[in-house]
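Chains as they are written, first to last, in the numbering used here: chain A, 1 to 111; chain B, 1001 to 1107.
Hints in this document: simulated from the structure, not taken from any laboratory.
Predicted model only: the values in this text are computed from it and were never measured.
One should not assume that every hint holds.
[As the list claims (entries may be wrong)] Partial list, computed: chain A residues near chain B (C-beta under 8 Å):
id, residue
1, Y48
2, G51
3, G63
4, Y64
5, E72
6, F90
7, G103
[What the hints assert, rightly or not] Not close to chain A: a few residues of chain B, all C-beta gaps over 12 Å, as computed:
id, residue
8, V1013
9, K1022
10, Q1045
11, H1071
12, F1106
Beta carbons are placed, not taken as given, at the ideal position from N, Cα and C, and that holds for glycine.
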Amino acid sequence: NAGVTQTPKFRILKIGQSMTLQCTQDMNHNYMYWYRQDPGMGLKLIYYSVGAGITDKGEVPNGYNVSRSTTEDFPLRLELAAPSQTSVYFCASSSPSYEQYFGPGTRLTVT
Amino acid sequence: AQRVTQPEKLLSVFKGAPVELKCNYSYSGSPELFWYVQYSRQRLQLLLRHISRESIKGFTADLNKGETSFHLKKPFAQEEDSAMYYCALGDGDKLIFGTGTRLQVFP
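Model the full structure from these sequences, guided by the hints.
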C-alpha cells in the first residue's frame, strides 16, 4: 500500500515551459487535493476533486489546470511556467473526512 | 471569511520546557479543527483533531469557542518534537491551513 505517490520529486523548468505533476493514490479515496507550499505562507489549495470527473478551484488556481478521469489519478498541469510558480507542490487524498493523506511533494523551480 | 492564523513563525524551546503553539480561527458555523505536523524529511500528517479530544505524543489541544482558539500544548517538549506544525480548519470539502509554526527543541 503505497498511499499517495507523486512524480517527479524535483524539476527545473524554464519560463514558458509546461509540465504535468503526477499524483496517484491507492486508497480508493474520492477526495484529492493539490497544494503549494511557499516559505512563510503555509499551504495554499490550488485545485481539488471530490470524485472522478469533478474538479473545483481552490484559493490559487491561476496558471494551473487539473483533470480527474479516474479515482486514482489527479494530475496537475502547469502551462507557461512563471517564476512565481516556484514552490513545493503537495498532493493529498482523503475519504469524506478531514484526515488528508499527503504525498512526498514535488520541488519545482522555474528560472 | 474563513481564516486560520498562526502568529508565530518560529518557536524555540529547550528540552523539558512547556510548549504552546497558538492557533486562532475565524469561521461562521461550528468549526472542526485539526493539527497537522511535518517532521524533517517526512510527509505532512494529521496529529490530532479537536473532536477526538485525544492526546497524541503528549500533545493536546482544546477548542475555545469564546476566544476562537485551538492552541496546541505539551507540558514537556522533547527533541523529537522539532517539526513544522500547521493548524487547519475544516471548510466544506476542504481544509484551510494556517501559515505554520516551526518548533525547534534544543537539547
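Worksheet item: Checked against the structure, which of the hints given earlier come out wrong?
Response: Structure breaks hints 2, 3, 4, 5 and 10.
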